[in-house]
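Protein chains: 2
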Amino acid sequence: MTKPSLAPPSGSRDFLPQEALFRERVFATVKSVFTAHGYAPFETPAFERLETLSGKYGEEGEKLIFKILKRGEKAATGEADLALRYDLTVPAMRLYAHRRNDLPRVVRRYQIGPVWRADRPGRGRFREFYQCDVDVFGSASPLADVDVLLALSRVLEVLGLKGFTIRLNSRQALRGLMSACGVPPVKHQAALIALDKYDKIGVDGVSAELRASDLPQRATKSLLNDLKSNNPEAALRARIESDDEGKAGLLAADNIASRVAPLLQGGMIRVDPILARGLDYYTGPIFEFIADDGADSIAGGGRYDDLASLFMKESVPVCGGSLGIERIIMLLQDQVGFEPAVGAVCYVTVWDEVDQGDALQLVAALRAEGVSAEVDLAGGKLSRQLKVADERGCRVVIVQGPDEKAAGEVTIKEMESGNQRRATKANAPSVVKELIK
Amino acid sequence: MTKPSLAPPSGSRDFLPQEALFRERVFATVKSVFTAHGYAPFETPAFERLETLSGKYGEEGEKLIFKILKRGEKAATGEADLALRYDLTVPAMRLYAHRRNDLPRVVRRYQIGPVWRADRPGRGRFREFYQCDVDVFGSASPLADVDVLLALSRVLEVLGLKGFTIRLNSRQALRGLMSACGVPPVKHQAALIALDKYDKIGVDGVSAELRASDLPQRATKSLLNDLKSNNPEAALRARIESDDEGKAGLLAADNIASRVAPLLQGGMIRVDPILARGLDYYTGPIFEFIADDGADSIAGGGRYDDLASLFMKESVPVCGGSLGIERIIMLLQDQVGFEPAVGAVCYVTVWDEVDQGDALQLVAALRAEGVSAEVDLAGGKLSRQLKVADERGCRVVIVQGPDEKAAGEVTIKEMESGNQRRATKANAPSVVKELIK
Chain A
1242 MTKPSLAPPS GSRDFLPQEA LFRERVFATV KSVFTAHGYA PFETPAFERL ETLSGKYGEE
1302 GEKLIFKILK RGEKAATGEA DLALRYDLTV PAMRLYAHRR NDLPRVVRRY QIGPVWRADR
1362 PGRGRFREFY QCDVDVFGSA SPLADVDVLL ALSRVLEVLG LKGFTIRLNS RQALRGLMSA
1422 CGVPPVKHQA ALIALDKYDK IGVDGVSAEL RASDLPQRAT KSLLNDLKSN NPEAALRARI
1482 ESDDEGKAGL LAADNIASRV APLLQGGMIR VDPILARGLD YYTGPIFEFI ADDGADSIAG
1542 GGRYDDLASL FMKESVPVCG GSLGIERIIM LLQDQVGFEP AVGAVCYVTV WDEVDQGDAL
1602 QLVAALRAEG VSAEVDLAGG KLSRQLKVAD ERGCRVVIVQ GPDEKAAGEV TIKEMESGNQ
1662 RRATKANAPS VVKELIK
Chain B
1242 MTKPSLAPPS GSRDFLPQEA LFRERVFATV KSVFTAHGYA PFETPAFERL ETLSGKYGEE
1302 GEKLIFKILK RGEKAATGEA DLALRYDLTV PAMRLYAHRR NDLPRVVRRY QIGPVWRADR
1362 PGRGRFREFY QCDVDVFGSA SPLADVDVLL ALSRVLEVLG LKGFTIRLNS RQALRGLMSA
1422 CGVPPVKHQA ALIALDKYDK IGVDGVSAEL RASDLPQRAT KSLLNDLKSN NPEAALRARI
1482 ESDDEGKAGL LAADNIASRV APLLQGGMIR VDPILARGLD YYTGPIFEFI ADDGADSIAG
1542 GGRYDDLASL FMKESVPVCG GSLGIERIIM LLQDQVGFEP AVGAVCYVTV WDEVDQGDAL
1602 QLVAALRAEG VSAEVDLAGG KLSRQLKVAD ERGCRVVIVQ GPDEKAAGEV TIKEMESGNQ
1662 RRATKANAPS VVKELIK
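Those sequence lines, one after another, are chains A and B.
Letter by letter, the first sequence follows residues 1242 to 1678 of the numbering used here.
Letter by letter, the second sequence follows residues 1242 to 1678 of the numbering used here.
Please keep in mind that the hints were generated in silico from the structure rather than gathered at the bench.
One or more hints might be untrue.
[What the hints assert, rightly or not] In silico BS3-like pairs for lysine-lysine, Cα to Cα no more than 27 angstroms straight-line:
1. B:1674 x A:1272
2. B:1304 x B:1428
3. B:1308 x A:1297
4. B:1315 x A:1315
5. A:1678 x B:1272
6. B:1488 x B:1462
[Said to hold, decoys possible] Residues on chain A that point at chain B, a partial pick, calculated with CB under 10 angstroms:
7. 1279
8. 1383
9. 1499
10. 1617
Just so you know, even glycine gets a beta-carbon here, dropped at the ideal spot from N, CA and C.
The following block holds chain A by itself, in its conformation from the complex (with noise of 0.2 angstroms):
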């Protein structure tokens, strides 16, 4: 028999102390600014009824979602009760209906954790993944969504991941235009997923795509006579506003432009008129943000004021956005690199076993002052623990060789300019607070 493989499942990741510290850092980073904003954590279970997720993520989705066999005797027949979480949002969803009465009447919550989509493994998309949300339950007004708006803006900005761009529209701009161009209400979501690719495939794509989807002439020939235009965001602005709702969601949208614009620090809004976005339930305002370095999409999100009426009677106003965080965590690595050390900043070595009781109380005074410490468990001769703080990444070793001991004193050494200095045991602890301010 051979030894089963020691790789994680594919599309799934094993993280070492470097990467995972890394990756901590950035979730504390989003958590303490989603804080900041109001927001508070809801926390739901990895898995769901199975009949919880079925019916909410298409035919495609359905496919990806990760079932768990009936426990038991029940295990033999094949069959599934259970499945691990496809997004944040159904559940949250769910959670919400579940517990409304136990809740204010606006709900601001976030949540930073794993979900799980079966689909083929490539680079920068995964089966487990993580997912950051923010939604605010509860409020129709366009505050939410400039609320939604800033505190994902903030965390970009905070992260500092350098320049972004929101790209902000509405459903009801994009049905004025549809209704304005005359295409039938069955041919929106073709014209539309045409019309997203714009700035990637530009306008002899978009033209390719609005032929092959047998559109009225008329419909194709508007479209790209604004998009050929001088100014085409000019031409498509005027033919959704001789429509009333295009109108209106226009005028939603630059109104949540207006509030955000002033009060971002990192990056820029803009309102634009032919941003579709996938999913069918938003039903107001949606939003993408793009990296300026990279063209990636790093979140997204809008208004889907009916998901509510799958789990309750009522409808409830609620609007929310995702941080695409696994592509921001690569920006990052690409921008700013990993930092290396895995050990405790300060590493105290151990002359030999007599010596074990004096290094522990040595650790113990180090970590009183708020130094982070740890003792050698390597063993050996003084030069293979010095490797080891190396290998670990410390910046500063104690030594209590025999004459140190007979001066009631300890060597500090820093290991990357390789200085030395003695230092009484008492007050060692202190120096090397000094010295790794």
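Please build the complex by placing chain B on the supplied structure of chain A, with the hints as guidance.
Here is chain B on its own, set in the frame of chain A:
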């Protein structure tokens, strides 16, 4: 068709903000202590290949593994290829074996995360629950066992848990006891499980269990004699020391205890020669933490130098321990209670639509001062907005009505006392910052 149940699946839990924040704070404390002790995070996926987990947890454990159905066309076979992790130890061992060339020779690792077991749910027993593990890979030194005990102890001390006792023993001492009493190897497990219950069921209970497990008469008699003597511990120690392996095992435990004892600040440690612990994979020192308040086991672990051989050719010395963090959280909730606030510290009301921009500017200025702040999203009259601020546990509310506006000021209201004061808009952030100090 009935709507699906809104409750989380059996044995799993949702957490609303209050409880989620409480748990987050506990996990953050655990992390900070582990980090201060030189431990660094490993992260592994929620699921593993089924064969990675199979054969690791005994017959009973095996039944509790959540299995994941194959995807796509293979779903119809009803077969599973993946499984949710059952603990954090086996995945960490797999990861260590997989990546040991990228790791220093001594690895202090921690991991905090959920595991899943299809156990019958009950009070304090869940199907999804968190574990907090520390392990030292690659050191056979007793200082590594000391290191693990100190890291776990320090977490309990920093969390403010009121008192605990570490029971320490070793597999060698237990084997010594068994041979000194003439218990044949096939009966070791049964005899040790009976002895391990001494604290709970007393000498009569142990007596009944020993008799039921059909030991040689001499063995039962020796063990009961020791337990019934004036000083059972001394009697057991004397018997163990009559066996060479037993004597060495006790000496090792005594040595560890003597290193740990002087460094404890909130608990005590004692060598307990009948502590057995269930899992078979331990090979050296073993331990268990008992909360003085409630006699619950709140942590446990030991040395398991043979587990590595299931994943790699070399044997690797490893010791580690796991906090019973769900039980610890329950004890802390009983002792210290919940803290309520889920909203931001400062709530900025909105008088009317014209004031939205002003309100958003003020919120941004508050955050720039480090004050968590949120803008009203509920709308409506001031009284309604104040009610929402109250529901959300906000400490300070800012109002800018027509009077204030005319004077270029705002009113700052402290919710608990009801005290109000005026401040200029520019000064408001620093006034609030001062108030909440």
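Structure-based check of each hint:
1. For the hint linking residue 1674 of chain B to residue 1272 of chain A, the alpha-carbon distance of about 21 angstroms falls within 27 angstroms, and the restraint holds.
2. Taking the CA atoms of residue 1304 of chain B and residue 1428 of chain B, the gap is near 25 angstroms; set against the 27 angstroms cutoff, the hint holds.
3. Between residue 1308 of chain B and residue 1297 of chain A the alpha-carbon distance is near 23 angstroms, which keeps this suggested pair within the 27 angstroms criterion.
4. Restraint check: the Cα-Cα separation between residue 1315 of chain B and residue 1315 of chain A comes to about 19 angstroms, which is no more than 27 angstroms; the hinted pair holds.
5. Distance check on the hinted pair: residue 1678 of chain A and residue 1272 of chain B sit about 22 angstroms apart at the alpha-carbon level, within 27 angstroms; holds.
6. Simply put, residue 1488 of chain B and residue 1462 of chain B have alpha-carbon atoms about 21 angstroms apart, close enough for the 27 angstroms limit, and the pair holds.
7. Residue-level restraint check for residue 1279 of chain A holds (minimum Cβ-Cβ distance to chain B is 3 angstroms; threshold 10 angstroms).
8. The beta carbon of residue 1383 of chain A comes within 8 angstroms of a beta carbon in chain B, closer than 10 angstroms, and the hint placing it at the interface holds.
9. The criterion of a C-beta within 10 angstroms of any C-beta in chain B is met by residue 1499 of chain A, whose closest approach is roughly 8 angstroms, and the hint holds.
10. Evaluation of the residue 1617 of chain A hint against chain B yields a held restraint, the C-beta minimum of about 8 angstroms falling below 10 angstroms.
Comparing the model with each numbered hint stated earlier shows that all of them hold.
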